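Student: Since chain W is already given, all that's left is putting chain H with the ligands on it; use the hints.
Protein chains: 2
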Amino acid sequence: MKILVLNAGSSSVKYSLFDMSDRSVLIAGIIERIGEDAASHSYSLAQNGRIHDEINCRNHQQALQLLFETLAVCRVLTDRHELAGIGHRVVHGGEHFRQPALIDAQVMQRIAEVIPLAPLHNPANLLGIEEAIRQMDDTPQVAVFDTAFHQTLPDYAYRYALPEHLYADHGVRRYGFHGTSHRYVAEQAAHYLGKPLSEINLITLHLGNGASVTAIQNGRSIDTSMGMTPLEGLMMGSRCGDIDPAIHFYLSRTLNLSNEAIETLLNKESGCKGVCGENDMRAIHRMAETGDDLARLALAMYAYRIKKYIGAYFAVLGRVDALVFTGGIGENDAWLREHVCLEMQIFGIALDQERNQKPVRPCDSISPANSGVAILVIAANEELEIAIQAQQCLEEPRALN
Amino acid sequence: MKILVLNAGSSSVKYSLFDMSDRSVLIAGIIERIGEDAASHSYSLAQNGRIHDEINCRNHQQALQLLFETLAVCRVLTDRHELAGIGHRVVHGGEHFRQPALIDAQVMQRIAEVIPLAPLHNPANLLGIEEAIRQMDDTPQVAVFDTAFHQTLPDYAYRYALPEHLYADHGVRRYGFHGTSHRYVAEQAAHYLGKPLSEINLITLHLGNGASVTAIQNGRSIDTSMGMTPLEGLMMGSRCGDIDPAIHFYLSRTLNLSNEAIETLLNKESGCKGVCGENDMRAIHRMAETGDDLARLALAMYAYRIKKYIGAYFAVLGRVDALVFTGGIGENDAWLREHVCLEMQIFGIALDQERNQKPVRPCDSISPANSGVAILVIAANEELEIAIQAQQCLEEPRALN
Ligand SMILES: Nc1ncnc2c1ncn2[C@@H]1O[C@H](COP(=O)(O)OP(=O)(O)O)[C@@H](O)[C@H]1O
Ligand SMILES: Nc1ncnc2c1ncn2[C@@H]1O[C@H](COP(=O)(O)OP(=O)(O)O)[C@@H](O)[C@H]1O
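Chains W and H, in that order, give the protein sequences.
The opening residue of the first sequence carries number 1 in UniProt numbering; numbering runs sequentially from there.
The opening residue of the second sequence carries number 1 in UniProt numbering; numbering runs sequentially from there.
It should be emphasised that the hints constitute simulated quantities derived from the structure, not laboratory data.
From a predicted model like this one, the values you see are computed outputs, not experimental measurements.
For glycine and all other residues, C-beta sits at the position ideal for the given N, C-alpha and C.
Do not take every clue at face value.
[What the hints assert, rightly or not] In silico BS3-like pairs for lysine-lysine, Cα to Cα no more than 30 Å straight-line:
hint	chain 1	residue 1	chain 2	residue 2
1	H	Lys195	H	Lys358
2	W	Lys307	H	Lys307
3	W	Lys14	W	Lys268
4	H	Lys358	H	Lys14
5	W	Lys14	W	Lys2
6	H	Lys268	H	Lys307
7	H	Lys307	H	Lys358
8	W	Lys307	H	Lys195
9	H	Lys307	W	Lys195
[Unchecked claim] Chain W side only, calculated, beta carbon under 8 Å to chain H, not exhaustive:
hint	residue
10	Phe97
11	Gln135
12	Asp137
13	Pro163
14	Tyr192
15	Leu193
16	His248
17	Lys308
18	Ile310
Looking at chain W on its own, in the form it has when it is part of the complex:
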C-alpha cells in the first residue's frame, strides 16, 4: 500500500511517497518558488542522492502535474491505482476536526471556512487539495490537521480573556499547531518508555523554524504554546512568539506602521532573526562563538523562554514522565538542550552530558538512568505520521482518537 503525503504552501509543494508495508520513503521532494522565475524541483529516491532541477512552474496545477509525472518517470508509482490515498497536511481545522477527515465537498468547505483564522496557510493547503483531486479524482484523499491533536484542550486552557462573542461567533481561541508532530513523538516516547500512551504525561518540544511546546496528559494534549495562529508562544526563527499585545498600538501610533507591515514584521522579521539578524540556529551559534553579543542574547532568550514554558506545563501536568526534544533544533542542538535543562533540578530534570552530545537516532534518552523525568530526543517525522493517519482514516475511519 502506497500513500502520498502532500504539504502545499503558497509557493511550494512538499511531498513524500510512502510504502506503508515497511513505512519506507520511496521518494521525497519539494517544488519551490512556484510562480516565480527561478522555480526548482529537488527530490531524492531511496538510496539515491538528491536531484535538483531548475524548472518552469507557474502555478500549483503545474506543480502537481510535475509531481505525478515524476512519480511515474522514477517508477515509484507505475500505475495510479497503486496509490491507496493522498494525505494532505492542513494547517487549520478550526473546531470541526478532532481527527483526520476523508475529503469531500463538506470537508473542503469547512477548511475554507476557517481561512480567516489562518489566512497565511489554509488557502494554499486548499489549493493543493483541489489540484490533487482534479488530477487524481479516483484516489481517496485525507486531510490531516495540524490543530486536531490539540482539540482535547480544556476550555480554561484554550479560551483567551477576550469578549465571549469573539469566541462564540468568530472562533477566536487557542487551537495550537504542530499537532501531528507532537502526537508522533508522544507515540514514539510511549513506545520507548514501554508504557501505553494513555498513561503517560509528557512535555513535547518541537523546535524547528517554527517552535511549539505541548503539555500531554495521559496521551492527550491539554495545553500548547501556539495559539489561534502559529505566531504565539516560543521565540522562533523569525516569529516573535509571546509579546505584550499593546506593542501593536505603539508600532502603529508611534512608528506609523500599517497592520500589514506589523504582520510582516512579527512573522518574518522577528524571533531570532529580529534579535540577532539570523534565523538559522547553526549560524547563530557560530556568531555567538565569535563573541557576537546579540547572538548570545538570542540564544539566552530562546532557552529562557523554553524553560518558562516547561515550568508552566509542570504546573499544569503535576507529574511529568518525559521531556521530549524534536525538530531540527531539538534534535541537533546539544547546547540548547543543555541550557534548557540547566538548574531545573526542582523538576527532577537532569541531563547526562555525554549522551546529550550524540543522541542515537531516531530515539534516545539523554538523562541519567535513574532520573525522575526522562529526557528524550526523538526525530520528527510529520510526513510519516500524516501517512499513518491517512491510512488509518482510509481503513477504519472511526478508530482514530
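Tutor: Chain H with the ligands in isolation, oriented as in the chain W frame:
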C-alpha cells in the same frame, strides 16, 4: 514628618497624607470624574467615617486646590511647611529610573519622554506633578515609579523577540509594573520570615483590578508578567493579558475594527469582564454560585493562568521561599488562593485550608508550618511604600537600591 502621596489619573486624583513618625494615615481620599458633570470627592480621616461630597471640578488644577484646602480645613496640615514632601506615583519610568527621583525639570522631561510607551498613564501623572509644583512650589516632590523595581531584570527576560532596533531606538522591552507593591510585599515577607530580603526568593502575586506576578531572587525582581505596558501577563478585571499577537490582524481584517477600537477592547472589554460580563471578583463568585457557566470559566481561567506563571517562575528561580498573595483579590479571595495552590505538590506548595479561610491582616501564613514553600497573604500598601520611598529619597537620595 508628613508626606503626601499623590496618584493622578486622567480623571481622578487619589491621595494619602502620612505621619511618618508612626506611618499612620491622617487622611486619604479620592477626587473622581474630574471634568465631568458629576465630579465627587470622598475622603476619610483617621477614626472618622467616610465623607462623600458632590463637587464641581473642571480640571486637575481645581482638584489639587480642593485637596490642599481639604488638608487645611481638616487640620491635618495646618502649615504648608509641615509637609516634608510629596510622593507622586508615576507609572512608567522607562530605563532612566531604577529608583525614586527628586523631581526637577530633567526628571519631568524624562517622564514626558516615555509617554509613547505609556500613553494611557504618564500624561496624567505628569499633570499631577505639574499642578502640585505650581501650588506647592517650595515642597520637594519625589517621583516613585511603578517600573523602577523591575529594572533589575536580565536582558534575556526583558527583551522581546522583535527587531533589535525597536529596543535600541525605541525602548520596546518589558518594563513591568506594580513594582512598588511587589517591593513592599517582598520586604514584608522577608520581615515575616525573619530573613534578610537580599537572601530570599519569592513569587509575589499582586491581584487587584490589574494583576501581575513577579519572580524575586535575592530580593531583586528578575522577571514579571506585565510587559512594555500593563496589558501583558495575567488575566485581569478588564484587560486581556497574554494573547496571540495575531489576534489583532484578525480583528482588523475580519471584524474591521480600528486600532483604537482594538485598544479599547483589549484594555476595557476583556479579562474577566470579557469572558463573563463582570469584572468584580466578588460578583463573579456570586454568578458562579448560581451556576453561570461563563463565570465558572472566568474563575477557572483566572486561576489556571496564575498557576502557569507560578510554574514558569519556579523554573526561573529554582528555589522559592514563599509565594505571596496581595491586592484586593489576593488578600480576600480564599477560593482563588485554594485553586491556585491545588495540585501543586510538585513545587512543595501546600495550603492550610483553615488558615486560608481567614488570614490575619496585615501579614499571615496560610501554609502548614513544615511546608517547603511558605504561602503568605500580605495586605498591599502601595501608598505607604511610596511615602517611605519618598522619605528615603529626601533623606538620603543615594541609599535607595
Ligand atoms: N546541528 C544543528 N545545531 C543547531 N541547530 C540546527 C542543527 N541542524 C539544524 N538546526 C536548526 O534547525 C532549524 C530548522 O529546523 P527544521 O525542523 O528542519 O525546520 P522546519 O520547522 O522548517 O521543519 C534551523 O534553525 C536549523 O539551524
Ligand atoms: N472578599 C473578596 N473576595 C474576592 N474578591 C475581592 C474581595 N474583596 C475585593 N475583591 C476584589 O478585589 C478587586 C479589586 O482589588 P484592588 O486591589 O482593590 O484593586 P486596584 O487594582 O484597583 O487597587 C476586585 O475585583 C474585587 O472584586
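Student: Which hint numbers doesn't this structure obey?
Tutor: 10, 11, 12, 14, 15
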